[in-house]
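Enquirer: The primary structure of each chain is shown beneath.
Protein chains: 2
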Amino acid sequence: MDLSKLHHTEKAYEHLRAEYRELYPSHVEEVTDPLDPLTFHRKYVSQNRPLLIKNAVKHWPALTKWNHDYFREKIGSTEITVTVTPNGYADAICNGRFVMPEERTMTMNGFLDIMDEDVSQRMEKGVFYIQKQNSNLKDEFSTLLKDVDVDIPWGTKAFGCEPDAVNFWMGDEKAITSMHRDHYENLYVVVRGEKHFILLPPTDLPYIPYESHPSANYVYSGDGSCSIVDSKDKEKVSWIAIDPLNPDIQLYPQYKKARPIQVTVKAGEMLYLPALWFHHVRQSQGCIAVNYWYDMVFDIKWAYYQFLQQLSDPTS
Amino acid sequence: MDLSKLHHTEKAYEHLRAEYRELYPSHVEEVTDPLDPLTFHRKYVSQNRPLLIKNAVKHWPALTKWNHDYFREKIGSTEITVTVTPNGYADAICNGRFVMPEERTMTMNGFLDIMDEDVSQRMEKGVFYIQKQNSNLKDEFSTLLKDVDVDIPWGTKAFGCEPDAVNFWMGDEKAITSMHRDHYENLYVVVRGEKHFILLPPTDLPYIPYESHPSANYVYSGDGSCSIVDSKDKEKVSWIAIDPLNPDIQLYPQYKKARPIQVTVKAGEMLYLPALWFHHVRQSQGCIAVNYWYDMVFDIKWAYYQFLQQLSDPTS
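Protein chains in written order, with the numbering used here: chain A, 15 to 330; chain B, 15 to 330.
Just so you know, not all the hints are guaranteed correct.
It does not matter which identical chain is meant; a pair holds if it fits inside one copy or across any two.
[To be verified] Derived DSS-like pairs: lysine-lysine, alpha-carbon spacing no greater than 30 angstroms straight-line:
| id | residue 1 | residue 2 |
| --- | --- | --- |
| 1 | Lys25 | Lys248 |
| 2 | Lys68 | Lys248 |
| 3 | Lys171 | Lys57 |
| 4 | Lys152 | Lys188 |
| 5 | Lys171 | Lys248 |
| 6 | Lys250 | Lys25 |
| 7 | Lys25 | Lys270 |
| 8 | Lys79 | Lys57 |
| 9 | Lys248 | Lys160 |
| 10 | Lys270 | Lys146 |
| 11 | Lys72 | Lys271 |
Calculated from the structure, these hints are not laboratory results.
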């Protein structure tokens, strides 16, 4: 048994961290207009490098049309699925549980009424967020499809496939998407308001604490009170334990070595969020967004990432 | 000090090995004709996946023109650089030294005379190989350039740059390129005869033994005898110690875990050999080839590879 290997592993981690920082900037690169598919693939997708595209969708009618009046007129009576939480955190760790939101069906008018209330009124009811990531734009919000594109043509060419899902997002400024990563290439367009992303590259995995907790759901009762109810299967979920807005460095000192990148995506802009990048998302009140999930390629980058995961987390 | 980490590292290596094999085939994929640049980039370059292109250069006059008579006529009196070794191994470990070939200047006619001799006559003189990898096709062999292309157009589009070097290769069937890897994307075209490659993916690095030895050169004296002469600087060179044609598994048992892939490239065919793939090359007598080196992108794959190198080899 070669004890020198222990020290050696730490040295290798430091090397990866340094090498990555030498190769990748500490900000999200920007372009004014979409790139041709090959350049986009070569410079960003292949390199797993985020990109902000400023004039991504200037031809979309949604940019001028989408507001509360238009939604009330076109889809006011449509039944939609909304998540509700008492604190804005859906799919996040709370009191030793991995807590998922309540999913509630309401009309779009009902949802917009809440969005129109002032913050104290809203918070009494909970934090509402349209975020059903099952291609809901093609389903519950299909009337709105004509105001956008069913895919991002240069993205579809670059990725070599149609989007796997097209999602519509709208919600409260208190709604927060906790830090996580997806097995998807993501083209994320803000239509109104703005989204604030905190990003961490896949190579920061060794510095991101995961914890396993039993899953639970927020459940609202008739009187409007909310409680946390354990899932029946009691299956544990492994999730990121740290809040990048207020990281507990005492508890997770390794996180100091991570390099969070902040980027704000404004109306009309698109973020290319590469597969496996960790992301935490906040937004302005009533922010509206549309995102396209394209299948990621499971290649050598994935194999290396899995290797890093095995090495970093003995419980994985 | 967490001793369980030691076992854990081995487990992670096994995981990487298994994952890689699940994602990549144990043979080189083939296509009949060149792909469009984006498809080539998405499916092969970005994924670091080798590819054999059967009808790669069917328009090249070289395919029909290049033979000894033509070379004698066009460049017979041209001075060219040839490497000479007693055993065919240039840049390889021999008797505890990293031994480089003698570089000799001769006319093309002189070189062809040797190629035309029978094997016993040739071997008395040594093993001759034109393999000067400094874009020699554009330099010493520039007269031949009109018979090929100065770049591979779909490759140049995919890689987003002109080739960094275009090399001409011709030599003895005894000449062997020992296992190594390059920091280049490689488009390798066989014009006459055939080349036999043994390939190993970058993820097999943990199973490939490296050794450091002082550098030396083969030096021929006037009477035709050859000796190994140490380099003046005595600098040590780290090189792969194993011969994949006859691997010493007793000495390097880990090599059993590597997965060598054999591929033969015939006249008119092209191998896309991705950056960082280990390769060992043999050839038929008088085989002629042209290769294009394109700059590799130093991205997350490179950072991960360096990480693996740090982890695998405490001396690196």
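Enquirer: List in ascending order the numbers of the hints, as given earlier, that are violated by the structure.
Expert: Numbers 2, 5, 8, 9, 10 and 11, in rising order.
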